[in-house]
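Engineer: Here is how the chains run, residue by residue.
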Amino acid sequence: GENVEQHPSTLSVQEGDSAVIKCTYSDSASNYFPWYKQELGKGPQLIIDIRSNVGEKKDQRIAVTLNKTAKHFSLHITETQPEDSAVYFCAAIDSGGYQKVTFGTGTKLQVIP
Amino acid sequence: NAGVTQTPKFRVLKTGQSMTLLCAQDMNHEYMYWYRQDPGMGLRLIHYSVGEGTTAKGEVPDGYNVSRLKKQNFLLGLESAAPSQTSVYFCASTRDLNTEAFFGQGTRLTVV
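From first to last, the protein sequence lines stand for chains D and U.
Using the working numbering, read the first sequence as starting at 1 and increasing by one per residue.
Using the working numbering, read the second sequence as starting at 1 and increasing by one per residue.
Only chain D is shown next, with the shape it has when bound in the complex (with noise of 0.2 Å):
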């Protein structure tokens, strides 16, 4: 089955500077890679997602990166502010014959002011 290494788990950065949150996945199937941002208290929420015949997708001062080749892909947050303090996950979806969802394990940031 699919699994989902998920780097940093904690991860602490000075208010402004960037953050990058690392995933690799093993299965070549997975097609699908969102990543979502779950604060204090609250169900994940989508913030930003790729799919494989893309390279790079970024919206405002989010971007995610996916190398197919070495299946991995990447959260980047730039000029980082304290409302970006969440636990944060990566997921590689199988939409295909075996339909699988596989999440990582989570990344604790911390933004400090």
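Read the hints as simulated data drawn from the structure, not as lab findings.
Glycine included, every Cβ here is placed at the ideal spot set by N, Cα and C.
Some clues are possibly wrong.
[Claimed, not checked] Residues from chain D that face chain U, not an exhaustive set, calculated with beta carbons under 10 Å: (1) N31; (2) Y32; (3) P34; (4) Q38; (5) D49; (6) F89; (7) S95; (8) V101; (9) G106.
Use these hints to put chain U onto chain D, whose structure you have.
Structural biologist: Chain U in isolation, oriented as in the chain D frame:
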């Protein structure tokens, strides 16, 4: 729009008791999911459904049962609760498998 609504939000059970968690979505989504979230282990898929009347096992299905009698509702049942089922449970729905998942607020379950 309510989105995805889970009930109850909190519950304490004694070992061996049973309960049902209810998930309701108002987005006409085909796919619905139940996850459990434990510290350091992320979100693990328990069961999912690809449409009304269908269910399938996820990564950690043992000790749980589900039903999807109506498209908008997905029920998760614990027949005989065990302390290992202490967790936060999230329901989610998607239009298709490779589209945005909308999550409920979660149910914190403690089994003593």
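Engineer: Each hint needs a verdict: does it hold in this structure or not?
Structural biologist: Right, here's what the structure says about each hint:
This hint holds: N31(D) has a C-beta 7 Å from the nearest C-beta of chain U, less than the 10 Å allowed. Restraint check, Y32(D) versus chain U: the minimum CB separation of about 4 Å is within 10 Å; hint holds. With a least beta-carbon distance of about 7 Å to chain U, the hint placing P34(D) at the interface is held under the 10 Å criterion. Annotation: interface hint on Q38(D) holds; nearest CB of chain U at approximately 8 Å, less than 10 Å.
Hint status for D49(D): holds, given a least beta-carbon distance of 7 Å to chain U, under 10 Å. Residue-level restraint check for F89(D) holds (minimum Cβ-Cβ distance to chain U is 6 Å; threshold 10 Å). Because the smallest distance between the Cβ of S95(D) and any Cβ of chain U comes to about 4 Å, under 10 Å, the interface hint for this residue holds. At about 6 Å, the closest approach between the beta carbon of V101(D) and any beta carbon in chain U falls short of 10 Å, and the interface hint on this residue holds.
Interface restraint check: G106(D) against chain U, minimum CB-CB distance 5 Å, threshold 10 Å, status holds.
Checked against the numbered hints given earlier, this structure breaks none of them.
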